[in-house]
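**Q** Read off the chains here:
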Amino acid sequence: MSASEEAFERAFWQAVDDLKEGEAKPIEDYLRLVPREQRDELGRMLADLFLARGPTPSAEGGESSGYRRAVAIVDEVLGSRGSAGILPGTLKAMRNARGIEPDAVVEQLAADFDVEGEAGRQALARNYHRLETGNLLGSKLSRRLLASLAAVFGVDAADVAAAARPAAQGPALRSAPAMGRSGGARAPSPAHPPSGPSDPEVELVERLFHGGPDA
Amino acid sequence: MAEFDPIEERAVEMLDDVQLEALRAKTVAANDDRFEFVLWNLCLRGVAVIEKVCRSRGGACGLDDQEIEMAIEDAAARMLLRLSRLEPQPQVHALAAEIAAACVERAWPSQKHAPRLTHRTPNLRLISGLDVAIETGKVRPNDWESS
Numbered sequence: 001m002s003a004s005e006e007a008f009e010r011a012f013w014q015a016v017d018d019l020k021e022g023e024a025k026p027i028e029d030y031l032r033l034v035p036r037e038q039r040d041e042l043g044r045m046l047a048d049l050f051l052a053r054g055p056t057p058s059a060e061g062g063e064s065s066g067y068r069r070a071v072a073i074v075d076e077v078l079g080s081r082g083s084a085g086i087l088p089g090t091l092k093a094m095r096n097a098r099g100i101e102p103d104a105v106v107e108q109l110a111a112d113f114d115v116e117g118e119a120g121r122q123a124l125a126r127n128y129h130r131l132e133t134g135n136l137l138g139s140k141l142s143r144r145l146l147a148s149l150a151a152v153f154g155v156d157a158a159d160v161a162a163a164a165r166p167a168a169q170g171p172a173l174r175s176a177p178a179m180g181r182s183g184g185a186r187a188p189s190p191a192h193p194p195s196g197p198s199d200p201e202v203e204l205v206e207r208l209f210h211g212g213p214d215a
Numbered sequence: 001m002a003e004f005d006p007i008e009e010r011a012v013e014m015l016d017d018v019q020l021e022a023l024r025a026k027t028v029a030a031n032d033d034r035f036e037f038v039l040w041n042l043c044l045r046g047v048a049v050i051e052k053v054c055r056s057r058g059g060a061c062g063l064d065d066q067e068i069e070m071a072i073e074d075a076a077a078r079m080l081l082r083l084s085r086l087e088p089q090p091q092v093h094a095l096a097a098e099i100a101a102a103c104v105e106r107a108w109p110s111q112k113h114a115p116r117l118t119h120r121t122p123n124l125r126l127i128s129g130l131d132v133a134i135e136t137g138k139v140r141p142n143d144w145e146s147s
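Just so you know, the protein sequences line up as chains A and B, in that order.
Under our numbering, the first residue of the first sequence carries the number 1, and numbering increases by one thereafter.
Under our numbering, the first residue of the second sequence carries the number 1, and numbering increases by one thereafter.
Chain A extracted, bound-state conformation:
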């Protein structure tokens, strides 16, 4: 057995013994005992070992901040379930958890649907905002839009489609203040842009968000 293999085994057994004594140290302390090229492998083994031993009781005897935050996410998403199911809440939660700005999502949607003009992009931003704030009907979202959103967030398209199923007794649709502006006393913005010369890209966006699954 080589010296590096011996060091690996020594570090592994030290972690086992420490766990048994209830004196487990952070994983990094054991990783320092082995050569750099073996740290990934030891880290994975120790992570599995620590998982098998179950959670370490916290000093306060309470729940960790991560647990509390996760429960808060579940609470918030379920509490906001409405006409587009839990999709609005989950989109917002995933976006926040990944530090993604709404503009980045809109950019990706614009690229997916070849929306290049300013009016089309504004329509995308407006509709995405309405989706995230629970002001669209899940039953009217197109499958290709849901597939594109799934790709943006790296999740299964079937999950996104399932999440968009409306609640049986969802809250009534209401207008939402536009992004980046105060609610103010301004009249609520209309669901659709004012009629005028039709822009094919705006029409495409409206179909994606309001045209139903096959649009």
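These aren't lab readings, by the way, just hints derived from the structure by calculation.
These numbers were taken from a predicted model, which means no experiment stands behind them.
Ideal Cβ placement from N, Cα and C applies to all residues, glycine included.
Don't take every hint at face value.
Derived lysine-lysine pairs resembling DSS-like cross-links, with alpha carbons at most 25 Å apart [claimed, not checked]:
#1 K92/A to K140/A
#2 K26/B to K25/A
#3 K20/A to K138/B
A few chain A residues facing chain B, derived, Cβ under 7 Å [claimed, not checked]:
#4 F12
#5 G212
#6 P213
#7 A215
Starting from the structure of chain A, add chain B where the hints point.
**A** Positioned in the frame of chain A, the structure of chain B alone reads:
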């Protein structure tokens, strides 16, 4: 959130994971608003696993505390998405662990390594004495049911 009556709620809380998953599938299919209460209970069971997996795997992958908490939030949201499906889902602890691992293993700014596009080649290592340690209970095999 639509509610069961208090006795029903208590009964739902006492269901085991498999029974609770069956009830979830039934209430989702029926578009029964009480699905939210069932989902809430399933998620509470899954969140504990998500927290544990994200902390241990995230720590081993070199994520900092803030990144681990972001992975936990991401995984909680993704678990909700998955549990919206009509199809029966795996046991909630296994599902939560799978989602948490995926959330940790995505690309993070502080990670030293580039994201891997393929699974690692299995690299088995023999630890002398591990078999005896498992037999004698000094080391427990990884088991979501008991951990």
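**Q** With reference to the structure, classify each hint as holding or not holding.
**A** Now for the hints, and whether the structure bears them out:
{"no.": "1", "hint": "K92/A to K140/A", "in the structure": "19 Å, holds"}
{"no.": "2", "hint": "K26/B to K25/A", "in the structure": "45 Å, violated"}
{"no.": "3", "hint": "K20/A to K138/B", "in the structure": "7 Å, holds"}
{"no.": "4", "hint": "F12", "in the structure": "6 Å, holds"}
{"no.": "5", "hint": "G212", "in the structure": "18 Å, violated"}
{"no.": "6", "hint": "P213", "in the structure": "15 Å, violated"}
{"no.": "7", "hint": "A215", "in the structure": "22 Å, violated"}
The structure shown violates the earlier hints numbered 2, 5, 6 and 7.
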